[in-house]
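Undergrad: One-letter residues, chain by chain:
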Amino acid sequence: MLEEFKKYFWIAKAISRLALSTQKEVVVRFLTAKKKYLPDGKTKAHVDDILKCALCPNMCRFDCPVLQAAKSETYAPAGRARIAYLLEMGRVSSQDAVDLMYACAACSACQQWCPFDFSVDDLLIGVRRDLVDRNLAPEMLMGIRDQIVNSHTIYQNSRTSLGLEPREADILYVAGCTVLNKERVIAQTTMKILEKVGIAVTTLPEEWCCGAPLNLLGFENDFKEFAARNADIIEKSGCKKMICSCPECVYTFKDVYAEAGFPVKADVMHTSEYFLELIEQGKIQLKELNKDLVYHDPCVLARKLHIIEQPRRVLEAIPGVSVREPPLTREHTRCCGIGGLLAMTNPELSVTLLRARDSELCELADTVVTACPACKIAFKRTRNSESRDLSEIVFESMNQ
Amino acid sequence: MSSENTTGHTHGSDYEIVYPQTPLSAEQKEQILVNLQKIVGKRNVSHRELDRLSYSRDYWPIALRWMLEGKVPALPEFVVWPETADHISRIMRMANEENLAVTPFGEGSGVLGAAIPVQGGIIVDMKRMNAVLALDDTNLTITVQPGINGMNLERFLNQKGYTLGHIPQSLYCSTLGGWLACRAAGQFSTKYGKIDDILISLEAVFPQGTIIRSKPVPKSSTGPRIDMLLLGAEGTLGIITEATLKIWPYPEKRVLQSYVFSHLEEALESIRIILRRGIFPAVARLYDQVETERHFYRTKKTRGKCVLILILEGDRELVDLEGSVSHAVCTEHGGISVGEGPAAHWLETRFNVKEISEFTPRDVVFDTIEVSVMWDKSMELYQSMISAMKSIDGVIIASAHASHFYPQGVCFYFTFGGTPMTGSPTDFYQTVWDAAMKACLHAGGSISHHHGIGILRSPWVQQELGSSLEVLRTIKKALDPEYVMNPGKMGL
Ligand SMILES: Cc1cc2nc3c(=O)[nH]c(=O)nc-3n(C[C@H](O)[C@H](O)[C@H](O)COP(=O)(O)OP(=O)(O)OC[C@H]3O[C@@H](n4cnc5c(N)ncnc54)[C@H](O)[C@@H]3O)c2cc1C
Ligand code: SF4
Ligand code: SF4
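Chains B and L supply the protein sequences, listed in that same order.
For the first sequence, the working numbering begins at 3 and goes up steadily by one.
For the second sequence, the working numbering begins at 842 and goes up steadily by one.
Please note that the accuracy of each hint is not assured.
[Claimed, not checked] Derived DEER-like restraints, expressed as beta-carbon distance ranges:
(1) 41/B <-> 882/L: 34 to 42 Å
(2) 357/B <-> 1139/L: 39 to 47 Å
(3) 287/B <-> 924/L: 53 to 61 Å
[What the hints assert, rightly or not] Residues of chain B clear of chain L, computed beta-carbon distances all greater than 12 Å:
(4) 137
(5) 152
(6) 183
(7) 207
(8) 226
(9) 235
(10) 267
(11) 323
(12) 333
(13) 385
(14) 400
[To be verified] Mimicking DSS-like on lysine-lysine, the simulated pairs with C-alpha atoms at most 30 Å apart in a straight line are:
(15) 15/B <-> 38/B
(16) 256/B <-> 44/B
(17) 1195/L <-> 37/B
(18) 9/B <-> 1142/L
(19) 38/B <-> 9/B
(20) 9/B <-> 1231/L
(21) 38/B <-> 912/L
Calculated from the structure, these hints are not laboratory results.
We put the CB at the ideal spot given by N, CA and C, even for glycine.
Please work from the sequences and hints to get the whole structure.
TA: As structure tokens, this is what we get:
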């Protein structure tokens, strides 16, 4: 408060020099004018913030992968905010405008440059909630919602467990939908690593999606149901520590559940953090592995969870491994194209993003290592390099 | 600007258009669309309402306010993303045949409406021409396409151990083409020069489709430089499609200095002497009392004073020497050193642009005005412009800093903010600008140092240029007889 006062003191001083009657009018206008420019009714979107973003000169545009792929003002961060504002004000209503609200990789690259600390994906979630409430959410996305709500995972004909018997354990491992259905090898290596070092770990008999896609797409009520069920079942597992292979799951369980009023009563960790803990305790023994790798920071891990050092320290602990850094690295990493469900909402843009990132990585080494199953799948698709998860490299080194 | 508004005519949309156009007939539209698709390919043309809306504005503050009032500045008929100079040449030939306006577009950070398609027609967005073509260490040059974003260019150079030295506050949100078209100036310009000084040669398409290419040489004596016509022409005389620029090795050392002065004159005098002695600080920024209070309220010693910050950078030994000379000059002229603090604070916060976002929805009309003047008239210009702005009913703040310096003179960068007590915000805005421009001209300054003319400054160009404007109009007519290139701008 004091800081705010100091910040605006120069204005207050200038106003104090005006005639008394003018002073009053200026202050009243300053405090009340905004209302005129916001929607009359209640909205879930923070239109006040969206308006600030819409009036920004796009200070984050150079780093927004969606804009850099589309190369069109329509996809500029402030451009999307402007259309969001016009939608919320009822001044535009086209399907194109609605669809644009989903063209975001939820990568938070914008946030690091934003003077307001906005991440455009957070702003857009509110708009999407309003679109859901007004029955304007695109049909394809309603299909995704139905799939998740009915099958408890985003993948069709899917699996929701590792098929293991629950057991008495301190650690709960939640693999996540993508690992269970597309990258089982990550779960297998993770479980084997933990077994090998003698950690008692259990899994859930039926893993429901963490709900991140529901939250991202604005299906707030459905998301809350998933959050309530998952928070409850995690508590009932009795485990005080829970580890996940997917950064999006960690972020959702840890931060989004708490914000939605369903805090998870366990210490939620990403596998990279846990592996490092075990290495530092001398429990994981790593052997020589002669490999040149390039590490790709997953956006959510690096920017939302600030887990940047841990995966690097895990890799550096492996004798013989040399880790290269791409030009856009650590908190400045660039999205692989899968984030924010972009591959579903805007497949062409998603591929352009992927190609751009992949070409930066495969210039540096034949093997790309990452710590997110979705990123791994993305890089696998380009076939320009070998794409591995951190757990696989750790496991390989332990078994040399 | 027209005060007559037309309602947005597209289905389901509800907004007014400030510069309305008679829409093309359906057949004309279809025909032009097909032609454009033939030139640039289907994926590089759009006539969707969404895209047209997205290209309806730049960063002209009053036009941003119009959004709140339910208005859209102007809608182009088509948006086109060329990929080669040949594409642009063919677009220009077609535009001449169809008599369609063509407005080049970079990243829309221009602050005077220069990129607003006031006559509809075609927006030529340059963003898909953003390749780095060559980096030459021996010649210290880089050759790039103009659609490249400033920060992405600077990031590329930094990774390779160089800098362009052109760091405008809009580095993150503007393109090389926009800089050249507006004759932009970076915050480090006192050492590295403005974009005009940084340019070596270019390729461009003239309004009737002719492609020119100037030679990359350090200097030549082969007649007037035709390529220079494009500099500062704001897309009214052609479209820049490639440029070779000077680059510098990334500075080895940076020295930060900050001083407080009781009077603006003393600080101005210090900088004048520093430059006269042949020292060119990369950054020199001098704030008047109001702006000092606004930006440096955290440093106690700055209260009631004017802050000067200097950043010297380059070769280690040279920078150390320059640092001690500039320190001596400042202290001899009444400056008191306050350490690195304010300079470091500026470096850290220089891209935090919040004003328009914070103040516009609060009905505060806000803008900045940059002008240049020779040393001998500098204080007179500063005082008369501040008084002129303050004299307008509703102005709450009028302040300035000086941020680009020459041995011969200085650029002042004014800020005004206010809330109209009577009349519309747009009228209030025009009135303040009018007062400021008149005061500037009267004091012998130039009405723009680096933002350009656009729509907003057009009314004062005649007084600024005198009979040169007639010559410029003759050139425009010869090069663009159909007036298709960015019409309605620069008083042309
Ligand atoms: C926050 C902020 C800070 C700023 N700071 C500075 C600063 O420090 N220094 C400074 O000089 N300016 C500054 N500006 C102004 C603005 O950034 C510059 O005018 C910039 O040069 C515009 O670039 P752009 O790519 O955004 O161009 P646009 O706004 O898109 O276009 C500007 C003009 O250039 C024309 N144009 C664009 N590309 C081409 C091309 N390839 N060939 C021919 N014509 C073309 C357009 O038709 C238009 O007339 C600032 C603006 C903002 C919003
Ligand atoms: S979250 Fe990522 S994709 Fe979305 S606007 Fe921000 S930078 Fe762009
Ligand atoms: S996210 Fe922040 S920096 Fe980016 S456009 Fe919006 S307000 Fe500007």
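Undergrad: All the hints need checking, so say for each whether the structure fits it.
TA: For each hint, the structure was consulted:
1. 41/B <-> 882/L: 34 to 42 Å: About 40 Å separates the Cβ atoms of residue 41/B and residue 882/L, which means 34 to 42 Å holds.
2. 357/B <-> 1139/L: 39 to 47 Å: 45 Å, holds
3. 287/B <-> 924/L: 53 to 61 Å: 55 Å, holds
4. 137: Non-interface label stands for residue 137/B: nearest chain L Cβ at 16 Å, farther than 12 Å.
5. 152: 33 Å, holds
6. 183: Holds: least Cβ distance 33 Å, greater than 12 Å.
7. 207: 47 Å, holds
8. 226: 31 Å, holds
9. 235: At roughly 43 Å from the nearest Cβ of chain L, residue 235/B sits farther out than 12 Å, so the non-interface label holds.
10. 267: It holds; residue 267/B is separated from chain L by about 39 Å at its closest Cβ, greater than 12 Å.
11. 323: Since the minimum Cβ distance to chain L is about 24 Å, residue 323/B lies beyond 12 Å and the statement holds.
12. 333: 14 Å, holds
13. 385: About 25 Å separates residue 385/B from the closest Cβ of chain L, which puts it past 12 Å; holds.
14. 400: Since the minimum Cβ distance to chain L is about 36 Å, residue 400/B lies beyond 12 Å and the statement holds.
15. 15/B <-> 38/B: 26 Å, holds
16. 256/B <-> 44/B: Holds, because 28 Å separates the two Cα atoms, which is no more than 30 Å.
17. 1195/L <-> 37/B: 19 Å, holds
18. 9/B <-> 1142/L: 16 Å, holds
19. 38/B <-> 9/B: Holds, because 25 Å separates the two Cα atoms, which is no more than 30 Å.
20. 9/B <-> 1231/L: It holds: about 22 Å lies between the C-alpha atoms, which stays within 30 Å.
21. 38/B <-> 912/L: 14 Å, holds
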